[in-house]
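Asks: Turn these sequences into a full structure, and let the hints guide you.
Residue-level listing of the chains:
2 protein chains.
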Amino acid sequence: METLRRVADLRRVLAAFRARGETLGLVPTMGALHAGHMALVARAKETCARVVVSIFVNPAQFGPNEDLGGYPRDEAGDTRKLAAAGVDVVYAPPVAEMYGEGFSTSVRVTGLTEGLCGAFRPVHFEGVATVVTKLLLQALPDVAFFGEKDYQQLRVVERLVRDLDIPVRIEGVATVREADGLALSSRNRYLSEPERCIAPLLYRTLCSAAEGLKRAKGAPEIAAALEKAKRDLLAGGFSSVDYFELRDAETLAPVARIGRPARLLAAARLGATRLIDNVPVPA
Amino acid sequence: METLRRVADLRRVLAAFRARGETLGLVPTMGALHAGHMALVARAKETCARVVVSIFVNPAQFGPNEDLGGYPRDEAGDTRKLAAAGVDVVYAPPVAEMYGEGFSTSVRVTGLTEGLCGAFRPVHFEGVATVVTKLLLQALPDVAFFGEKDYQQLRVVERLVRDLDIPVRIEGVATVREADGLALSSRNRYLSEPERCIAPLLYRTLCSAAEGLKRAKGAPEIAAALEKAKRDLLAGGFSSVDYFELRDAETLAPVARIGRPARLLAAARLGATRLIDNVPVPA
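From first to last, the protein sequence lines stand for chains U and B. Going by my numbering, 375 is the number at position 221 of the first sequence; the sequence numbering is gapless. Going by my numbering, 162 is the number at position 8 of the second sequence; the sequence numbering is gapless.
Just so you know, not all the hints are guaranteed correct.
Stated by the list, open to error - Listed next, the stretches of chain U that the computed footprint assigns to chain B, with coverage defined by at least 3 CB atoms under 8 Å from CB atoms of chain B:
no., stretch
1, 252 to 266
2, 283 to 296
3, 310 to 322
What the hints assert, rightly or not - The following label-pair restraints were derived from C-beta to C-beta distances:
no., chain 1, residue 1, chain 2, residue 2, range
4, U, GLU200, B, GLY256, 24 to 32 Å
5, B, LEU222, U, GLY240, 51 to 59 Å
6, B, GLY390, U, PRO408, 55 to 63 Å
Unchecked claim - Chain U side only, calculated, beta carbon under 10 Å to chain B, not exhaustive:
no., residue
7, THR157
8, VAL161
9, ARG165
10, GLU280
Rather than coming from a laboratory, the hints here were simulated on the basis of the structure. For each residue, glycine too, the CB sits at the ideal point set by N, CA and C.
Replies: Laid out in structure tokens, this is it:
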């Protein structure tokens, strides 16, 4: 397994794979890899002859009051895991390689990015859309893999790929959870022991609300179920709830009655840590 | 020569060229082709084994009060010229192929787009950046050709290609002029006969100002030369001058003294028609 830090080196190595007719999978990550990332890698290995994993903590997707400085980094540990998983190339560019002198271009997706996490993290999705576009165009993979845990991000990436005609297939991979249901996240390591005990309530609340919503007749019942879920989270020890919303599974438009596949999405804070999760609500 | 209207067809035909190891040149146009476009085509033919010319009048780069509705269209005439020039593929997608249902992504370049034409056409460069990104990613050419007449656009395209890591080389091609110096433009056909007589004054004024600026010692002399040029245009029959500015040839930053290669750029109106042009001012 090679670790590359320059676009030119990445392209040279990938061109050799391509010249041999080998398909390429890309798994974009910010490092601090856990079993959720490794599920993306495993899916990429199943699907593609060659697998590149990028590790880049993207400053552009963090707001000024967010956790860029403290975001966990462990390239040595990440590299061991990826080598053991049979990854071909780790691409870990420095910030200056991604954002060179005079950098001044951004990719913006309207609509999909406006509610949910977009409402609480104003620069986030423009940063995500720009860096994902760059990574996809640097590697030009056949398939790129994104976790369903970041469901809004997955939909934003699918949208920009379609809109900008990036020649890649995007594949979403199901969220990996701890035994108690907590979605794996690099940010889980911020949780204190008592917070870690409370954290699984987010998923349990999503599941029970999704179950109740299947029988909801219209907007008032949906609104009541969502309000009850928020109260349950606060009663169970969450500090605040950024959102707990039922959205169309594809367009992320608010849902007034169950008819098409929907998704229930939530973000809530446990002390200083912000957790997100989501579950499907079949039509 | 084939005329294609679907991305999927374009990609299929271009993949066959690529499989034979043939290099590909793309000339993006809005049609209404004149000798300026044909110079881009000729340069593409010199440089690349295969040449695609796109014809797409991009609604996204026209403001609400601009000339989208009246913009000249002549696909049959364009096709004859391109066939005679030995072009391999004309790509003329309908608007719905470029901007499908739910389209919501845009590419934005800050800095370079903020003055000059950007100040007078607020949505223009975001529309240009988005459609050029799409065309480049649809065709994935080795080289794409843009005219220096739209100098700010050329710099914006170079910038977004570098920033988004689009794997293409951008080549600027010198402006083609009428015998009297008027830069060729699809919009010249809007000019009445008396306006057509006045029009070459734009280029003559740019040339004489550039000559004078070579000897300018500092900001006050530069400002005086630019003010005189504007007065000359108005005195010569132009209705108004959007801008007449000296900028750094690469960054387009305002220039306070001659030191690095600079560019003198102007936009002025003759009745209802807006003309733009530019000339180099060597260091």
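Asks: Hint by hint, say whether it matches the structure.
Replies: Taking the hints in turn, this is what the structure says about them:
With a threshold of 8 Å between beta carbons, the proposed coverage of the stretch 252 to 266 of chain U by chain B holds, since 12 of its residues qualify and at least three are required. Look at the stretch 283 to 296 of chain U against chain B: 7 of its residues bring a Cβ nearer than 8 Å to a Cβ of that chain, three or more, so the hint holds. Counting residues of the stretch 310 to 322 of chain U whose beta carbon lies closer than 8 Å to any beta carbon of chain B gives 8, which reaches the threshold of three, so the coverage claim holds. The given range of 24 to 32 Å is respected by GLU200(U) and GLY256(B), whose C-beta atoms sit roughly 30 Å from each other.
The hinted range of 51 to 59 Å is satisfied by LEU222(B) and GLY240(U), whose Cβ atoms lie roughly 53 Å apart. GLY390(B) and PRO408(U) have their C-beta atoms about 59 Å apart, which keeps the hinted 55 to 63 Å range intact. Hint on THR157(U) is violated. Least Cβ distance to chain B is approximately 19 Å, over the 10 Å limit. Restraint check, VAL161(U) versus chain B: the minimum CB separation of about 6 Å is within 10 Å; hint holds.
With a least beta-carbon distance of about 7 Å to chain B, the hint placing ARG165(U) at the interface is held under the 10 Å criterion. Interface hint status for GLU280(U): upheld, as the beta-carbon distance to the closest one in chain B is roughly 9 Å, under 10 Å.
Violation of the numbered hints given earlier is confined to hint 7; every other hint is satisfied by the structure.
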